[in-house]
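Protein chains: 2
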Amino acid sequence: MIRSYLLTPGPTPVPDVILSELGKPLIHHRTPQYRQIFREVSEGLKSVFQTRNDVLTLTSSGTGAMEAAVVAVANSQDEVIVIRGGKFGERWGEIAQVYGMKVIAIDVPWGEGVSPEQVQLALKQHPKTAAVFATLCETSTGVTHDIKAIAALTRQSQALLVVDAISGLGAEELRQDEWGVDVVVSGSQKGLMLPPGLSFVSVGERVWKRMEQTKTPRFYFDLLAYKKSLADDDVPYTPAIPLVIALRQALRLIQEEGMEKILQRHQKLAAATRAGAKGLGLELFSKTPCNVLTAVKIPQGVNGEKIVSYLRDEKGVTIAGGQAEMKGKIWRIAHLGAIAPLDILVAFSALELAFKKFGYPVKLGSGVAAAEEVFSC
Amino acid sequence: MIRSYLLTPGPTPVPDVILSELGKPLIHHRTPQYRQIFREVSEGLKSVFQTRNDVLTLTSSGTGAMEAAVVAVANSQDEVIVIRGGKFGERWGEIAQVYGMKVIAIDVPWGEGVSPEQVQLALKQHPKTAAVFATLCETSTGVTHDIKAIAALTRQSQALLVVDAISGLGAEELRQDEWGVDVVVSGSQKGLMLPPGLSFVSVGERVWKRMEQTKTPRFYFDLLAYKKSLADDDVPYTPAIPLVIALRQALRLIQEEGMEKILQRHQKLAAATRAGAKGLGLELFSKTPCNVLTAVKIPQGVNGEKIVSYLRDEKGVTIAGGQAEMKGKIWRIAHLGAIAPLDILVAFSALELAFKKFGYPVKLGSGVAAAEEVFSC
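Quick mapping for you: the protein sequence lines, in order, are chains X and Z. Numbered by our numbering, the letters in the first sequence go through residues 117 to 493 in order. Numbered by our numbering, the letters in the second sequence go through residues 117 to 493 in order.
Please keep in mind that the hints were generated in silico from the structure rather than gathered at the bench. Since the model is a prediction, treat every value here as computed from it, not as a measurement. No residue lacks a Cβ here, since even glycine has one placed at the ideal position from N, Cα and C. Some clues are possibly wrong.
Restraint-style ranges between C-beta atoms, simulated for each label pair [claimed, not checked]:
{"hint": "1", "chain 1": "Z", "residue 1": "E159", "chain 2": "X", "residue 2": "A268", "range": "30 to 36 angstroms"}
{"hint": "2", "chain 1": "X", "residue 1": "E156", "chain 2": "Z", "residue 2": "S231", "range": "34 to 40 angstroms"}
{"hint": "3", "chain 1": "X", "residue 1": "P415", "chain 2": "Z", "residue 2": "E159", "range": "50 to 56 angstroms"}
{"hint": "4", "chain 1": "Z", "residue 1": "Q213", "chain 2": "X", "residue 2": "E372", "range": "45 to 51 angstroms"}
{"hint": "5", "chain 1": "Z", "residue 1": "A456", "chain 2": "X", "residue 2": "R151", "range": "26 to 32 angstroms"}
{"hint": "6", "chain 1": "Z", "residue 1": "D262", "chain 2": "X", "residue 2": "K422", "range": "33 to 39 angstroms"}
Subject to a maximum C-alpha distance of 27 angstroms in a straight line, what follows is the list of computed BS3-like cross-link-like pairs (lysine-lysine) [as the list claims (entries may be wrong)]:
{"hint": "7", "chain 1": "X", "residue 1": "K344", "chain 2": "Z", "residue 2": "K203"}
{"hint": "8", "chain 1": "Z", "residue 1": "K394", "chain 2": "Z", "residue 2": "K344"}
{"hint": "9", "chain 1": "X", "residue 1": "K343", "chain 2": "Z", "residue 2": "K203"}
{"hint": "10", "chain 1": "Z", "residue 1": "K422", "chain 2": "X", "residue 2": "K344"}
{"hint": "11", "chain 1": "X", "residue 1": "K422", "chain 2": "Z", "residue 2": "K413"}
{"hint": "12", "chain 1": "Z", "residue 1": "K331", "chain 2": "Z", "residue 2": "K344"}
{"hint": "13", "chain 1": "Z", "residue 1": "K445", "chain 2": "X", "residue 2": "K344"}
{"hint": "14", "chain 1": "X", "residue 1": "K384", "chain 2": "X", "residue 2": "K343"}
{"hint": "15", "chain 1": "X", "residue 1": "K244", "chain 2": "X", "residue 2": "K218"}
{"hint": "16", "chain 1": "X", "residue 1": "K431", "chain 2": "Z", "residue 2": "K331"}
{"hint": "17", "chain 1": "Z", "residue 1": "K445", "chain 2": "X", "residue 2": "K140"}
{"hint": "18", "chain 1": "Z", "residue 1": "K344", "chain 2": "X", "residue 2": "K203"}
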């Protein structure tokens with residue numbers, strides 16, 4: 117009889133009204149009935165991406181959308197700048213390398229955001245840079261990078277700015293058109309409150325022009341094919357039909373709450389989570405924390421993995437541990453998508469109980485109280 | 117108040133017991149709970165593929181799995197043989213060309229199966245052929261190719277045999293290990309009775325060996341990454357969780373009915389559909405018809421598209437028209453996945469009513485009667 121709390125940065129909880137769409141009988145995708153839904157969805161995505169661009173829907177994980185962006189914007193042997201400092205920043209570089217691009221890495225320590233001056237310097241040193249690959253929210257560290265400042269640099273150069281907003285979209289401010297971001301990619305299982313299975317690419321005009329010159333091999337991830345099909349409210353290959361239909365419902369929920377209020381909610385959730393962590397005596401890991409998740413250091417002497425298992429298996433509360441080099445060193449508590457203040461308070465209650473159970477020092481209620489303070493403002 | 121009949125070769129109808137899995141709250145994929153499900157699914161797929169190979173699960177349409185196979189088995193500049201004669205056979209060639217492979221096309225007329233002698237000749241003329249790409253059931257024409265005979269040729273050569281069984285799996289006999297097929301790809305929205313969104317690649321030993329030499333660029337579709345993750349009951353990128361969980365249910369249904377009986381059921385459905393079509397005075401399009409769908413020629417003077425719309429919008433019966441060069445020339449009635457005899461009889465009833473309504477010559481009951489004859493045997 118335990119209730120389930122999914123406080124992970126993807127998948128995120130799917131509201132019942134969206135879940136119920138997934139269980140409906142299938143309709144065929146090459147019918148007027150489906151095309152109408154896909155048209156509504158493709159239009160609705162624009163307001164979430166804050167863009168007038170076409171937002172293309174792919175059937176893949178977010179990584180597929182990243183690959184689609186890489187092969188669109190650069191050729192083999194082209195120089196590309198990659199902002200690293202986390203698992204997902206590194207992924208940009210791994211994909212670019214597979215396609216023979218020359219990766220100019222800007223390495224920032226895990227837990228820190230990039231300074232725009234570093235990007236400026238790299239652009240100056242490499243004036244032929246084809247693209248800059250950045251991350252709105254680095255899910256592995258809980259860091260947000262200053263995309264607005266980076267875009268101000270790239271929009272004045274020939275370098276296209278490609279942003280991984282897979283976890284960030286809908287939680288972190290990102291004004292694609294206003295800031296001048298060329299490509300934004302995202303996924304369904306994050307702020308869009310859907311299960312995983314769809315990814316999205318919002319493609320700016322400079323990119324379509326660039327694609328006349330990029331010959332990087334691509335088939336399933338050829339954005340030109342998706343753009344062509346979009347004119348018929350279609351995609352080139354059979355889409356994940358139930359997810360697209362559920363997305364319509366998700367977009368209606370988003371429209372109802374309003375993008376501005378959604379961003380404010382995430383700010384508040386993040387602030388409360390940071391306060392709660394400090395109240396509990398935990399140290400924050402990220403120096404420029406995002407609104408998607410909060411990374412906290414696992415205290416010396418505490419078995420982090422045991423706590424994660426206990427919370428999940430005994431209390432129904434799923435949080436994430438660290439990835440790659442941060443494995444065993446941090447916990448990541450996400451507050452992304454369909455999350456309300458009480459979910460965060462539950463997380464701290466469960467953490468406090470876990471600390472007590474395993475004999476780690478804790479003042480019961482201290483995390484909850486500190487988070488409540490923020491929510492009460 | 118109309119009931120819905122999905123007689124298309126993907127998506128196919130999803131049984132209620134599978135649909136209900138899709139509407140359940142999400143669990144995280146990097147948990148023991150999910151890994152156990154994925155282990156059961158990965159094991160269960162082997163019996164459907166009739167193989168001892170690892171069957172890898174990708175989050176993509178079937179085309180993604182095709183691309184994963186192409187980049188695995190050949191390098192740019194390698195010669196590859198592609199059996200065409202339909203939209204999906206052609207797709208193998210399109211993907212191979214994107215990656216710079218030299219495509220040796222065996223063109224068979226649409227509606228006909230390839231003769232194994234043609235493949236034998238091509239292999240003789242091109243002894244360095246890296247791979248042969250074939251199609252178990254060519255969904256655009258309703259043709260089945262003789263994969264067993266082709267495998268008997270390729271298994272004696274260095275050429276790997278890669279088979280698109282996207283629509284064919286679970287409807288058409290395909291004994292991967294016994295026949296010696298190196299790669300089989302499939303998708304979820306076909307014989308597996310799921311919505312679209314997952315694809316599968318069953319990879320034989322000769323392929324893993326080949327991959328030591330193939331340097332074709334690949335990231336999301338790098339089968340080596342999926343193989344590595346499979347050891348941890350995991351995939352490298354966030355999977356379409358609800359589909360994988362629903363797949364467990366689908367595999368249980370398949371196990372209950374038994375693969376042999378499922379293949380027999382599809383044989384019978386196909387035979388009855390062919391008989392019904394002839395009873396209605398329609399001509400079959402395919403000379404080597406498959407058990408997945410039946411392609412029939414649209415009679416002279418009949419507006420095929422109008423009939424498709426009427427059946428779908430007024431009667432709830434969705435069948436497919438022709439694709440590419442067969443557009444407006446054929447109808448495709450699928451009998452794939454969760455289809456029972458009555459579904460086929462409904463289709464002919466609806467077709468007869470449609471013919472009558474639009475004033476085309478028809479003897480009411482003639483198609484139904486002929487199909488019933490087969491089902492009564």
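Now for the hints, and whether the structure bears them out:
Checked against the hint of 30 to 36 angstroms, the pair E159 of chain Z and A268 of chain X fails, with Cβ atoms roughly 53 angstroms apart. For E156 of chain X paired with S231 of chain Z, a C-beta distance near 48 angstroms fails the hint of 34 to 40 angstroms. About 40 angstroms separates the C-beta atoms of P415 of chain X and E159 of chain Z, a value inconsistent with the hinted range of 50 to 56 angstroms. As the Cβ distance of Q213 of chain Z to E372 of chain X is approximately 47 angstroms, the hint placing it in 45 to 51 angstroms holds.
Look at A456 of chain Z against R151 of chain X: about 29 angstroms separates their beta carbons, and that is inside 26 to 32 angstroms. A hinted range of 33 to 39 angstroms for the beta carbons of D262 of chain Z and K422 of chain X is inconsistent with their spacing of about 57 angstroms. Restraint check for K344 of chain X and K203 of chain Z: the C-alpha separation of about 18 angstroms stays at or below 27 angstroms, so the hint holds. Proposed proximity of K394 of chain Z and K344 of chain Z is contradicted: the alpha carbons are some 51 angstroms apart, above 27 angstroms.
Taking the CA atoms of K343 of chain X and K203 of chain Z, the gap is near 20 angstroms; set against the 27 angstroms cutoff, the hint holds. For the suggested pair K422 of chain Z and K344 of chain X, the alpha carbons sit about 26 angstroms apart, so the restraint of at most 27 angstroms is met. Under the criterion of a C-alpha separation no larger than 27 angstroms, the hint pairing K422 of chain X with K413 of chain Z is inconsistent with the structure, at around 64 angstroms. Distance check on the hinted pair: K331 of chain Z and K344 of chain Z sit about 18 angstroms apart at the alpha-carbon level, within 27 angstroms; holds.
Of the supplied pair hints, the one linking K445 of chain Z and K344 of chain X holds, its CA atoms being roughly 24 angstroms apart against a limit of 27 angstroms. Taking the CA atoms of K384 of chain X and K343 of chain X, the gap is about 37 angstroms. The hint is violated against a cut of 27 angstroms. At most 27 angstroms may separate the alpha-carbon atoms for a hinted pair to count; K244 of chain X and K218 of chain X meet this at roughly 11 angstroms. Under the criterion of a C-alpha separation no larger than 27 angstroms, the hint pairing K431 of chain X with K331 of chain Z is inconsistent with the structure, at around 47 angstroms.
Our distance criterion of 27 angstroms between C-alpha atoms is broken by K445 of chain Z and K140 of chain X, whose separation comes to about 32 angstroms. For the suggested pair K344 of chain Z and K203 of chain X, the alpha carbons sit about 18 angstroms apart, so the restraint of at most 27 angstroms is met.
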